[in-house]
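Colleague: Turn these sequences into a full structure, and let the hints steer you where they fit.
The listed protein sequences correspond, in order, to chains A and B. Remember, the working numbering sits 519 above the position in the first sequence when you count from 1. Remember, the working numbering sits 519 above the position in the second sequence when you count from 1.
Keep in mind that the hints were calculated from the coordinates and are not lab data. It should be emphasised that the depicted structure is a prediction, and the values quoted were computed from it without experimental measurement. From the three backbone atoms N, C-alpha and C, an ideal C-beta is built for every residue, glycine too. Among the hints, erroneous ones may be present.
Claimed, not checked - Label pairs and their in silico Cβ distance ranges:
| no. | chain 1 | residue 1 | chain 2 | residue 2 | range |
| --- | --- | --- | --- | --- | --- |
| 1 | B | G648 | A | A807 | 24 to 32 Å |
| 2 | A | K678 | B | Y559 | 28 to 36 Å |
| 3 | A | G617 | B | E649 | 32 to 40 Å |
| 4 | A | D579 | B | E798 | 52 to 60 Å |
There are 2 protein chains.
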Amino acid sequence: MSFDRLIKNIREKQNPTVAGLDPKLDYIPGYIKEAAYEKYGKTLEGAAQALFEFNKGLIDALCDIVPAVKPQAAYYEMYGWYGVRTLEKTISYAKEKGMFVITDGKRNDIGTTMQAYAKAHLGTTEIEGETVSAFGADALTVNGYLGTDGVKPLLEICKNDDKGIFVLVKTSNPSSGELQDRILDDGNTVYRTMGNMCESWGESVMGESGYSGVGAVVGATYPEQLGELRKALPHTFFLVPGYGAQGGGAKDVAPAFDENGAGAVINSSRGIMCAWQKEGCEPTEYAAAARREAIRMRDEITGFIGEIK
Amino acid sequence: MSFDRLIKNIREKQNPTVAGLDPKLDYIPGYIKEAAYEKYGKTLEGAAQALFEFNKGLIDALCDIVPAVKPQAAYYEMYGWYGVRTLEKTISYAKEKGMFVITDGKRNDIGTTMQAYAKAHLGTTEIEGETVSAFGADALTVNGYLGTDGVKPLLEICKNDDKGIFVLVKTSNPSSGELQDRILDDGNTVYRTMGNMCESWGESVMGESGYSGVGAVVGATYPEQLGELRKALPHTFFLVPGYGAQGGGAKDVAPAFDENGAGAVINSSRGIMCAWQKEGCEPTEYAAAARREAIRMRDEITGFIGEIK
Numbered sequence: 520m521s522f523d524r525l526i527k528n529i530r531e532k533q534n535p536t537v538a539g540l541d542p543k544l545d546y547i548p549g550y551i552k553e554a555a556y557e558k559y560g561k562t563l564e565g566a567a568q569a570l571f572e573f574n575k576g577l578i579d580a581l582c583d584i585v586p587a588v589k590p591q592a593a594y595y596e597m598y599g600w601y602g603v604r605t606l607e608k609t610i611s612y613a614k615e616k617g618m619f620v621i622t623d624g625k626r627n628d629i630g631t632t633m634q635a636y637a638k639a640h641l642g643t644t645e646i647e648g649e650t651v652s653a654f655g656a657d658a659l660t661v662n663g664y665l666g667t668d669g670v671k672p673l674l675e676i677c678k679n680d681d682k683g684i685f686v687l688v689k690t691s692n693p694s695s696g697e698l699q700d701r702i703l704d705d706g707n708t709v710y711r712t713m714g715n716m717c718e719s720w721g722e723s724v725m726g727e728s729g730y731s732g733v734g735a736v737v738g739a740t741y742p743e744q745l746g747e748l749r750k751a752l753p754h755t756f757f758l759v760p761g762y763g764a765q766g767g768g769a770k771d772v773a774p775a776f777d778e779n780g781a782g783a784v785i786n787s788s789r790g791i792m793c794a795w796q797k798e799g800c801e802p803t804e805y806a807a808a809a810r811r812e813a814i815r816m817r818d819e820i821t822g823f824i825g826e827i828k
Numbered sequence: 520m521s522f523d524r525l526i527k528n529i530r531e532k533q534n535p536t537v538a539g540l541d542p543k544l545d546y547i548p549g550y551i552k553e554a555a556y557e558k559y560g561k562t563l564e565g566a567a568q569a570l571f572e573f574n575k576g577l578i579d580a581l582c583d584i585v586p587a588v589k590p591q592a593a594y595y596e597m598y599g600w601y602g603v604r605t606l607e608k609t610i611s612y613a614k615e616k617g618m619f620v621i622t623d624g625k626r627n628d629i630g631t632t633m634q635a636y637a638k639a640h641l642g643t644t645e646i647e648g649e650t651v652s653a654f655g656a657d658a659l660t661v662n663g664y665l666g667t668d669g670v671k672p673l674l675e676i677c678k679n680d681d682k683g684i685f686v687l688v689k690t691s692n693p694s695s696g697e698l699q700d701r702i703l704d705d706g707n708t709v710y711r712t713m714g715n716m717c718e719s720w721g722e723s724v725m726g727e728s729g730y731s732g733v734g735a736v737v738g739a740t741y742p743e744q745l746g747e748l749r750k751a752l753p754h755t756f757f758l759v760p761g762y763g764a765q766g767g768g769a770k771d772v773a774p775a776f777d778e779n780g781a782g783a784v785i786n787s788s789r790g791i792m793c794a795w796q797k798e799g800c801e802p803t804e805y806a807a808a809a810r811r812e813a814i815r816m817r818d819e820i821t822g823f824i825g826e827i828k
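Modeller: See below:
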C-alpha cells in the first residue's frame with residue numbers, strides 16, 4: 520500500500536530520487552563537529568549530535584524538492600545507542616518535513632522475531648496497553664534469504680499501517696553475483712527467483728498505483744538486470760542504489776522505470792552528502808551544495824525518462 | 520579466531536549451549552515490570568529498564584554454567600533507542616560476567632556500510648583519534664546474500680580483534696527451503712553453496728581449535744542437513760537455533776557436533792527465559808528456574824555427545 524504515498528510524492532515533485540543519509544564524520548563540516556564536541560566531547564554522544572545537525576541541514580535543504588530520504592542504519596549503530604537515537608530523531612524530523620522515510624536496515628529474521636523488527640521500524644510497540652512508535656519509518660529494506668516466514672510479519676503492518684518494504688533482489692556490489700546470479704535447476708537465476716517471490720508476496724498489499732507494498736532493491740550497476748526485472752515484475756516498485764559514487768549513471772537507471780516514468784526511486788548518498796567537498800565550496804554551504812547536486816541528479820534522470828505520470 | 524575463546528568456555532563448563540536473550544514483556548515477572556514502570560512510566564524507557572533487570576537476573580543465574588548468551592537485536596530495537604541502550608548494557612554485563620556474547624542481528628550490507636556494522640557490533644569506532652567501543656560483542660550473526668563484499672569487512676575485525684561471525688546457511692524456520700533448498704546448476708543446494716563460501720571465507724581467520732572465525736547458522740529443525748553440513752564444512756563452527764520451543768530435541772542437534780563433541784553451540788531462548796512460567800514457580804524464582812532448565816538442557820545434550828574434548 521505504502522508506495523502509493525511515495526509515488527504521490529515523486530509525482531508532485533517530478534523527482535524519482537531519494538537522498539541517502541549515510542553520514543560519516545568525514546563528510547560533516549568542521550564547524551558542526553566542533554560545536555558538538557564542545558558540548559559533548561569527542562564521544563559517541565558528541566559524534567551522534569554532529570550527525571543529527573548535519574542531517575537536519577540536509578533535510579531542510581532538500582525537503583521541498585526530494586521526495587524521500589534513506590538513512591542507513593549501520594552509520595548510526597556505529598555510534599552505539601547515541602547514534603541510534605540520532606537515527607530516531609532523523610526519521611522524525613524528515614517525516615515532519617513531509618519526506619517519505621526508508622530505513623535501510625536490511626533486516627531479516629523469522630516469526631515473532633521478524634514481527635519485533637516490523638514493530639520496531641515500521642509499526643508500533645505495545646507496552647501494557649499503551650501504543651508507542653519506536654522508529655516509525657515509512658519503509659524498511661529487508662533480506663529475503665529466510666523465505667516467506669521472514670516477510671509475512673511485515674505484510675500485516677504494510678497493510679494495516681500503510682507501510683512498505685524493499686527486499687534485496689539484485690544488489691549493486693561487485694560480488695552480488697556470487698549467489699544472486701547463480702542459476703537454479705529451473706533455469707532461473709537466484710535474483711529472479713527472489714524477484715518472483717516479491718511479486719507473489721505483494722499480492723496481498725496491492726496499491727492503487729498498481730505497485731504493491733513489497734518493493735525490490737536492484738542495483739544501478741546492473742542495468743541489464745534492471746531492465747529484465749522491470750519487465751518481469753510489473754507490480755514491484757524498485758529502490759535503486761549504486762547511482763553516482765558506485766558508478767551508475769542516468770542512462771544505467773533508465774531501465775528501472777515503466778512507460779509512465781514511474782516504478783522506481785533512485786538513491787544517491789555520497790553524491791549529495793559530499794557535494795560541498797566535491798564542489799570545494801565553503802563548509803557552511805554544505806546544504807546548498809547538496810541541493811544543487813539533488814537538482815542536477817533530478818534533471819539528469821528526468822531528462823532520460825520524461826514526465827512522471 | 521574468536522571461536523577459540525567460545526570453544527574454551529564450552530570445554531571448561533562442559534556445556535555446548537548458549538542462552539538466547541530475546542526478552543518480551545510477557546516473559547518478565549510482574550514485580551520487575553512494576554518497579555520499572557513506577558520509575559519510568561509505561562514507556563519505551565520503562566519497558567527497556569524492565570528488560571535489563573530481567574536479563575541481569577538471568578545472566579547472574581547462568582554465568583557459571585552457560586558459556587555464552589545471544590541477545591536478539593529485534594527485541595531491543597522494538598523499544599527504540601532505550602531498547603538499544605539495554606542491548607548495549609546487556610552485552611557489557613554479560614561480558615563482565617565472563618560470558619561470550621553473540622549479537623543476533625543478521626546484519627548484511629556491502630563495503631564501507633558493512634564496515635560500519637562491523638565496527639558497531641564487534642570492533643571500535645574512531646572519533647577524531649579517540650577509539651570507542653559501541654556494542655562490543657564477541658560475535659555477530661550475518662546474512663551472506665550479498666556475497667564476499669558483505670563479509671570481507673568483518674574478516675579484518677575477526678582477525679585483528681579476535682571476533683567471530685555466524686553466517687546464515689540453513690535456517691530453522693519452515694519456509695527456509697524456499698530459497699535455501701533450491702538446487703543450483705552444479706547440483707549443490709543454495710545452503711550448501713553458502714556453507715562452502717563460509718569455509719572459504721574462514722581460511723584467513725583460522726583458529727587453533729581447527730575452527731575458523733566464520734561460523735554458520737544451521738537449524739536444529741533440519742537434523743539431516745546438520746549432519747551433511749558438519750561433514751562438508753570441517754572448519755566451520757555451528758550456531759544451532761531451533762532447539763526446544765521450535766521443536767528440535769537433543770537427538771536432532773547431535774549431528775552438529777564433531778567426534779570430540781565440539782564444533783557447535785546450541786541455542787535455547789524461550790525454553791530458558793520462560794522456564795518459570797512453564798514450571799509454574801514463583802515469579803521471584805524466574806532466574807533459578809532458568810538455571811534449572813539450562814542444566815537440564817546441558818545434561819540432555821551432553822548425554823548424547825559425551826565429554827567435550
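Colleague: Does each hint fit the structure? Answer for all of them.
Modeller: Outcome of the hint check:
no.: 1; hint: B/G648 / A/A807: 24 to 32 Å; result: holds (30 Å)
no.: 2; hint: A/K678 / B/Y559: 28 to 36 Å; result: holds (33 Å)
no.: 3; hint: A/G617 / B/E649: 32 to 40 Å; result: holds (37 Å)
no.: 4; hint: A/D579 / B/E798: 52 to 60 Å; result: holds (56 Å)
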